[in-house]
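Novice: Each chain, written out:
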Amino acid sequence: MTTFDPVTLGILWDRLISITNEIVLTVVRTSFSSIVRSYDLACVLFDAEGRSLAQGTFSVPVFIGTAPQTMRHMLAKFPPETLRPGDVIVTNDIYMGTGHLWDVNVMRPAFHDGRLIGYAMSITHLPDIGGRGFSAVNVDEYEEGLQIPIMKLVDQGRLNEELIAIVRQNVRVPEQTVGDLMANVTAVEVGCRELVAFMEEYRIDDLRPLSQAILSQSERMMRRRIADCPDGVYRNRIQVESVGDPVTLACAVSIAGDRLHVDFSGTSPSVPYSINVPLCYTRAMTCFSMKALLLPDIPNNEGSVNPIELSAPVGSILNCQPPAATAARFQIGHFVAPLIFGALAEALPDRVQADPGMMNLLNVMGRRRDGRDFTTLYFSSGGFGALLGYDGTATTPAPSNMAVVATEDWEATTNIRVVRRELRADSGGAGEFRGGLGQVVELVNDTGHPLTVFGMGARTDFPALGLQGGKPGARRLYRLNGEAVSAKGRHEMRPGDRLEMLESGAGGLGEPSRRPRQKLLQDIAEGFVTLGRAKADYGFDLAMEQSGKAAE
Amino acid sequence: MTYRMGVDIGGTFTDFALIDDTTGELTIHKQLTTPADPSEAVLDGVATLLKRRAVAPAQLGAVIHGSTLVTNAIIERKGAVTGMLVTKGFRDVLDIAMERRYDLYDLTIRFPTPIVARRRRRQIDERLDFSGAVLQPLDAGEVERAAAELVEQEGVRALAICFLHSFVNAGHEEQAREIVARRYPELYVSTSADVFPYAREYERWNTTAMNAFVQPVADRYLGNLEGGLQRLGVKGPLYIMTSSGGTVTTATAKRYPVRMLESGPAAGVLMSAHHGRTLGLSNILSYDMGGTTAKGAIVRGGQPHKTYEIEVARIHHFKEGSGLPAKVPVLDMIEIGSGGGSIAELDDRGVIRVGPQSAGADPGPACYGRGGKRPTLTDADLLLGYLDPDFFLGGKMKLDRAAAETALELGLAKALGVDVTRAAWGIHEVINEDVARAFRVHASEKGFDYRGCSMIAFGGSGPMHALRIARKLRIPRVVLPTGAGVMSAFGMLVSPLSFQIARSNRVGYAELPRERFAELFAGLTREAAAFLLRAGVPQPEIRVTRRLDMRYRGQGYEIEVELPDELDLSAAFERLPQLFGESYARIFSLSYLQEPLEIVNWKVEVQGPTPAMSQHFHLALEHQVGAPEKGRRQAYFPEAGGYVATPVYDRYALRPEVTIGGPALIEENESTCVVGVGDQVTVDAAGNLVTEIAQEQVREAAA
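Line order of the protein sequences matches chains L and A.
The opening position of the first sequence corresponds to residue 1 in our numbering, with each subsequent residue numbered one higher.
The opening position of the second sequence corresponds to residue 1 in our numbering, with each subsequent residue numbered one higher.
Rather than coming from a laboratory, the hints here were simulated on the basis of the structure.
Given the structure is predicted, the values throughout are model-derived calculations rather than measurements.
Each residue gets a CB set at the ideal place from its N, CA and C atoms; glycine is no exception.
Among the hints, erroneous ones may be present.
[To be verified] One-sided excerpt, in silico: chain L residues whose CB lies under 7 Å from chain A:
id: 1; residue: Val7
id: 2; residue: Glu22
id: 3; residue: Leu116
id: 4; residue: Thr186
id: 5; residue: Lys291
id: 6; residue: Glu408
[Said to hold, decoys possible] According to the in silico footprint, chain A covers these stretches of chain L (three or more CB under 8 Å from chain A):
id: 7; segment: 208-221
id: 8; segment: 314-322
Go ahead and model the full structure; you've got the sequences and the hints to work with.
Specialist: Put into structure tokens, the structure is as follows:
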């Protein structure tokens, strides 16, 4: 077997990552929906046996480690020897894919001199998949939309027109959905082309030794970092709001030598809403959490997450079973990160971040002034959690990652007017290191047509908690025409109706009394903290401050 | 009036290049930059160089100047106290920014502090909708009150006026400007529709805030410079280099100082393009590597690629996304955090990473002997024998080989379990691969096939790496131009007067009447040409380039389509779908899509004549040279089996038509060219080193 010295390995490895980044760019630049442009996607390269070589740098945590599993399922259905140049395989299967129907997985085999040498896969979140729409209130998977079992989207270069016709007929925005499907097809084509060019350039006939070296090197580094953590069993239990009653998430993180196991026993059962989490997603969020804490600089990679073992009770909300609805799985699934961070807060006090305000997602379906229909998403972020030595940054998504929707673009695309978008004073949890601020977004239906919105915002009942004496951040709140409404429900907005979304702040870290006076004064001057809260949370006394100044 | 001078201010040195346009003779001068008032070094250097060549100031036809002043003012936050008037409800656009983590796993990521403090941003009751229609008329009283508060209580000297959708309708911004100007005529005012009329408020407003922030500084600086040159007796005009590779008058530079960002590197790229044209090479990768960063650019068909985005002042490990975005016309450059001072270490994977952390000038690489302990690229290049410890910067500085060896041994080799030479070679190769990778990604984004093109390399560290990088990219030819140490100052001498206007205006192609298409372009062209007419360029000499950003309706990103010069607007309009299809296929692949086309941005560039620079310019010989071959030293060439006794040449002593086969080292004061096994260097008539790259050892380069 070929071996690679560390110098060569680093060079080849980086080159593969740059190919995956190129695929990502292609998807982003050819996509039709704003959600893909927010990097709700992943691109992965595999060797001939379907073992992953590299994953694009830019993607949301959802996709860590799901692609290799999806690949195995695809190859079980279409064994390598049956694949031909120009084939493209597709699926949006919940359990074989990424945990909900909106993510489409598109894979293409790469051929070189007539031999199958590897694969490229691209995964994106489609703007619509039919059914009741992207929301938290679907009851089972059949309500959620069209299911595409593993099948050929392109057969030796010939597009599967029947499948495209079915998709077109089933979705609200056929140009966007089909356009995005095609963006994936373009991306895997570019990926395969680049993979072959890479092999030619380095005169590599077989990628398997390279994938082996990358995987084992990554795994070794992760094990080393796990071994650096103090052994023990670290537990945490949190309440998370659901559509109905709150659910409990529980975990026990066991570290013994270079082994790490996360057990989610004690977690509540699944619910009849679309916020259930398949295990593939629970796993992705667990891997994200451990990687951020232990090995942040290593590229996205299967090897680095192999040492992370997990288990969750079958049928629990973190390991749901068919036909559970999963559309808004992130509503519960994102809490796996703060759950695990909380468990490890004492073991790793300088690395664990206080709870983030998390992001809010609003699915909007309506009609523009010119009569064209649209379905799109509005994102807005809460604050980022404080970390030892660092205030949390304002309006920063976590643990997922999305990009801002520019007001000027949004208004032109939807005709829904943004009345204001401003920082929410006092929303950051007090602390020696302050939690990041959330924001206030106010939308008014200026389209002249009725509008349906599905809110998918968390932290309305349970705030982002602080650490080491830091205080919680402000909770999220939705108001429709001034009345408080659910942040997780379906709302109809008549023309002229106003929706306000007050995004949650993040938790602070350390006792507020230890916050340096200079930083507090600056917070007050910039309006991040009001005088009233400065007094209540930090014991700041303006009169005393002024007399103190006079005395100086 | 037969002389012109290019002046480029860099971090350490200010470079001067004086050309005699009759004879083509060039003279170079360098002196230390004076950071407190950079115009001091400029004026002093101009006087010194004129005196040295016995040129009367009145003979100087023009001074063309590029400066890092604006970039530095933003990085160091040394601009004016700046205020902002914004649409009500949108005070926090600069804080909320992109709402995106540029690194998913790094919990310590930082974002830059907004350029205008939150308390100096005032909200104004006014509102346009996305079509530019007025929803809420401008409250004039509020504008007056806000301006009064900002000026009188906050001491604001510059003001940015930024309203939503102003790129569609600039009416409210203009009204507000007039109101403010009546009351405070001395206040510097920038409006977002004037600075850059593009959609997406964060980027446009941030650009406008930066423009306002640096305006008073730029105004004073350019004023000093003009005055100083006049006092020296220089009669010719002062032109200012911009980020786009064109020059503008000082009046324009004072109005849009943000367009001076990165003008020095842009001039370097421009010079690469010029060399390419002179040498008959139309497709080029321009590669510039100095002490802390490397910069690359694509030149296609003799023209550098242009774009409208740049990120400045990155605050977190040079990471993309950690800086302030600006929308200005720029030559499209990639920046890589790799240079001679870049520190090498093992990353989380246990493989070598070099940069972006840099040892800087102090303590500098370990071999500088100033207390640096961590291994850097320069240390590796010294151990590999590419640098002469006794001839660094022409011998002005001695390098400590033992210190470099210790740094590599302790910092890298031990942990990797390899010897120091292997580690040094690893560092050298990682940089080569990093640069090659950045070029590949950039080229693929632009649909540029680099195989078969030529590379032009310069900067202190560029020639040491260029040939091997070219080999990786299968580029057959590398040119190391004469006077590569002052490429940017040279570039200013070949830069034409130019101005770019770009405007967002989203329209469906099917819905756009042909006459409207022509009208829109005519309006933009008039607007842009006015800047050149005011600078004295005669109308017939103005060249116009038109570009469109287009996409399928519903896509969020556009691709650029250039309208061919030879087509009139009516013919170009007819051919748009075809032109778009060709560009799309070049960048991505053939499209399966039948969606309607949409035009998003309209761009016009006007250019005056390119200054005639003698085809055969040459450096004035000002000192004696000895024999071409100075001696031999041990240098590392893996293809030759390791360290070999390698001939060392004095570049100044090489006469035209000399050829040198690798392995060899060619030294000049600012840099050393490493010639690999099988590479062939020829000195051309202008003194450029033209190298044909050996192509067969691709595999060894990797393994």
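Novice: All the hints need checking, so say for each whether the structure fits it.
Specialist: Outcome of the hint check:
Given the 7 Å rule on beta carbons, the hint for Val7(L) holds: about 4 Å separates it from the nearest Cβ of chain A. With a least beta-carbon distance of about 6 Å to chain A, the hint placing Glu22(L) at the interface is held under the 7 Å criterion. This hint is violated: Leu116(L) has a C-beta 20 Å from the nearest C-beta of chain A, more than the 7 Å allowed. Interface restraint check for Thr186(L): the shortest CB-CB distance to chain A comes to about 5 Å, inside 7 Å, so the restraint holds.
A cut of 7 Å between beta carbons decides the hint on Lys291(L): the least distance to chain A is about 6 Å, and the hint holds. With a cut of 7 Å, the hint placing Glu408(L) at the interface with chain A holds, because the nearest CB-to-CB distance is about 5 Å. Three residues within the 8 Å Cβ limit are the bar, and the segment 208-221 of chain L against chain A gives 4, so the coverage statement holds. For the segment 314-322 of chain L, the proposed coverage by chain A is not satisfied: 0 residues have a C-beta within less than 8 Å of a C-beta in that chain, short of the threshold of three.
Hints 3, 8 from the list above are not met by this structure, while the remaining hints are.
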